[in-house]
Amino acid sequence: MDSKRYDSARIGDAVFKGTAWFFAASVIALMALIFAVLLKESWLSINAFGLGFIWTSTWDPVAMQFGALPSIYGTIVSSAIAIVIAVPISIGIAIFLTEMAPKRLKGPIGAAIELLASIPSIIYGMWGLFIFAPFLSEHVEPFLIDYLGFIPLFTGAPLGIGMLPAGFILAIMIIPFISSVSRDIFQMVPPMLKESGYGVGATKWEVIRKIVLPYTRSGVIGAVILGLGRALGETMAVTFLIGNAQEIHASLLEPATSISATLANEFTEAVEDLYLSSLVELGLILFVITFVVLGLAKLLISRFSYQGGKF
Amino acid sequence: MKKIMMLFAAVFLALSIGTARAELINGAGATFPYPLYSKWAYEYAKSTGLKLNYQSIGSGGGIKQVAAKTVDFGASDAPLGAKDLAKSGLMQFPMAIGGVVPVVNLPGVNPGQLKLTGDVLADIYLGKITKWNDQRIASLNPGIKLPDNKITVVHRSDGSGTTWIFTNYLDKVAADWKKGVGFGTAVNWPTGVGGKGNEGVATYVKRIKNTIGYVEYAYATQNKLIHTQLKNKAGNFVDPAIETFSAAAESADWKNTPGFAVVLTDQAGKNAWPIAGATFILVQKNATECAKAKEVLKFFDWAYRNGGQMATSLEYVPIPKAVYEIMEAAWTREIKCNSQPIWGK
Numbered sequence: 001m002d003s004k005r006y007d008s009a010r011i012g013d014a015v016f017k018g019t020a021w022f023f024a025a026s027v028i029a030l031m032a033l034i035f036a037v038l039l040k041e042s043w044l045s046i047n048a049f050g051l052g053f054i055w056t057s058t059w060d061p062v063a064m065q066f067g068a069l070p071s072i073y074g075t076i077v078s079s080a081i082a083i084v085i086a087v088p089i090s091i092g093i094a095i096f097l098t099e100m101a102p103k104r105l106k107g108p109i110g111a112a113i114e115l116l117a118s119i120p121s122i123i124y125g126m127w128g129l130f131i132f133a134p135f136l137s138e139h140v141e142p143f144l145i146d147y148l149g150f151i152p153l154f155t156g157a158p159l160g161i162g163m164l165p166a167g168f169i170l171a172i173m174i175i176p177f178i179s180s181v182s183r184d185i186f187q188m189v190p191p192m193l194k195e196s197g198y199g200v201g202a203t204k205w206e207v208i209r210k211i212v213l214p215y216t217r218s219g220v221i222g223a224v225i226l227g228l229g230r231a232l233g234e235t236m237a238v239t240f241l242i243g244n245a246q247e248i249h250a251s252l253l254e255p256a257t258s259i260s261a262t263l264a265n266e267f268t269e270a271v272e273d274l275y276l277s278s279l280v281e282l283g284l285i286l287f288v289i290t291f292v293v294l295g296l297a298k299l300l301i302s303r304f305s306y307q308g309g310k311f
Numbered sequence: 312m313k314k315i316m317m318l319f320a321a322v323f324l325a326l327s328i329g330t331a332r333a334e335l336i337n338g339a340g341a342t343f344p345y346p347l348y349s350k351w352a353y354e355y356a357k358s359t360g361l362k363l364n365y366q367s368i369g370s371g372g373g374i375k376q377v378a379a380k381t382v383d384f385g386a387s388d389a390p391l392g393a394k395d396l397a398k399s400g401l402m403q404f405p406m407a408i409g410g411v412v413p414v415v416n417l418p419g420v421n422p423g424q425l426k427l428t429g430d431v432l433a434d435i436y437l438g439k440i441t442k443w444n445d446q447r448i449a450s451l452n453p454g455i456k457l458p459d460n461k462i463t464v465v466h467r468s469d470g471s472g473t474t475w476i477f478t479n480y481l482d483k484v485a486a487d488w489k490k491g492v493g494f495g496t497a498v499n500w501p502t503g504v505g506g507k508g509n510e511g512v513a514t515y516v517k518r519i520k521n522t523i524g525y526v527e528y529a530y531a532t533q534n535k536l537i538h539t540q541l542k543n544k545a546g547n548f549v550d551p552a553i554e555t556f557s558a559a560a561e562s563a564d565w566k567n568t569p570g571f572a573v574v575l576t577d578q579a580g581k582n583a584w585p586i587a588g589a590t591f592i593l594v595q596k597n598a599t600e601c602a603k604a605k606e607v608l609k610f611f612d613w614a615y616r617n618g619g620q621m622a623t624s625l626e627y628v629p630i631p632k633a634v635y636e637i638m639e640a641a642w643t644r645e646i647k648c649n650s651q652p653i654w655g656k
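Here the protein sequences come in this chain order: A and B. Going by my numbering, the first residue of the first sequence is number 1, and it counts up by one from there. Going by my numbering, the first residue of the second sequence is number 312, and it counts up by one from there.
Same shape as in the complex, but just chain A (with noise of 0.2 Å):
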């Protein structure tokens, strides 16, 4: 007797399933289709340059010849200098909200860094150029070259900008990311597992260290990944900090230039097709390397839980 209202519902459902797939296919083919036009436009750099565009570190728009190399290390160098600074400052910040903090400060500091996270990345930058960058080159650089300047990394000029700089301040604006997603994850540690570790007469740091951290490990890294991927993208501020140079110096303190610092700088002057395709092959190469680190992280996130779950 019900059976209309029976089939409607199965309409609604069918209704229902295809919409959704077709919203989550279009996230795919949106992927495929940047990819594809990515594909395209590179073709004629592509074709001219071969797989050697990756480790030339030439880049002569005069000369018509281009390589990605420089690029390349400054968007890995410098993302890799934001993580290394970022990831213990945002895990103690999480771990200070989460486990330390009295309950009147959990709120204050938790808006201030979700505020931190919304400051639009041009900010940074002129922050970055104005403030940060002459600070860097009378207080900190000097001292850096005065006293480790033995060791290649910190050889050079103390001009405040380079790839020290872009990687201080990209650290900045990643900590933001990476600490407020961490602390939402300890949040989630059931209290009952904290409470038998007090139980039977561990400290705080006990707890921290052997039940909130292997339990949140899966998170904690994707929280990492979803920094790193900031970092390798972030544009504006890079662009003001990093002093734009194709070339690669062992130094730290030398000038340097990423993927994105280099599209930003170069894509509005450039008339010649080889040129521009030369430009779009990089936004591809920068594409690629989102995509390997994204899928490296689901794959270390996917075998850290399976221990997290047995630790």
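Rather than coming from a laboratory, the hints here were simulated on the basis of the structure. Since the model is a prediction, treat every value here as computed from it, not as a measurement. Note that the Cβ used here is the ideal one computed from N, Cα and C, for glycine as well. Don't take every hint at face value.
[To be verified] Partial pick of chain B residues on the chain A-facing surface, computed with a CB cut under 7 Å:
no.	residue
1	Leu-335
2	Ser-370
3	Gly-371
4	Ser-468
5	Gly-470
6	Ala-497
7	Ile-519
8	Thr-599
9	Glu-636
Once you've looked at the hints, dock chain B against the given chain A.
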């Protein structure tokens, strides 16, 4: 529901008609003349009611868009060669002149005090002269005590007409530069730090000691940077100023250069500033909309005749009368619609 949709449609229609009428002339291109063109457009709209919309998307984009006829005119900081103009069916004419100025940050040195020549400047940018007290700089500046410090070279990181003019000058005066680097809106810099935009270079030079950079004249004066003197082709040391830029424009041979692709660097005039350059407008030679093409030319004619004061107040150099009369004669000759000239008597 239907009513609301209708209302939306009506409002949308009204808006689109409104904007279509308001933005009669569309242009796109170089960022360097953007403040000037928007000032002119504003004043022109006040006196004639005609609106002009200029998007400063970069010379490359401007050239592409005018060639594809998606805008009514394009703008480029570097002149297009006669061959490229013919290929896209375009005509170009200069609209304003600017000067590029070497600026330094040397404690104790005042504006206009330091003297440089083209080949010394080239060798600094090639990384061959690395210290401020180098013999070649010192011999040009006997009265100045130069420090024993490393020179930090600052250049533009983004592709720009400023770089085009600056490197074109070095290319003309220094054989090593020509061989090793060449000229263009972006080049493969042998040394130095890249700042984004004129403001980026100005900031670096202002903040970092012992630097040398190059910026548009307006940025040098606004930021009170320390400019240098340069030796011009006639052998005189000159200061950058509206007069010396004009001198460069007047001594150029506009009439006999194909496509008016005149480059104002290293001009022969007695007082000519050696790193000057014009910024150009590009229009289609065979206009498809006659009335509109005429409106475009009318605007530029108005700017040539009435825009000089506004240009000077924004630190641009207006095109001298002798030069724009040559251009307007060329409009009559070259710009046609239905095979009929659209400008002139």
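Each hint, compared with the structure:
no.	hint	in the structure
1	Leu-335	violated (26 Å)
2	Ser-370	holds (6 Å)
3	Gly-371	holds (4 Å)
4	Ser-468	holds (3 Å)
5	Gly-470	holds (3 Å)
6	Ala-497	holds (4 Å)
7	Ile-519	holds (6 Å)
8	Thr-599	violated (24 Å)
9	Glu-636	violated (30 Å)
In terms of the numbered hints stated before, the structure departs from hints 1, 8, 9, listed from lowest to highest.
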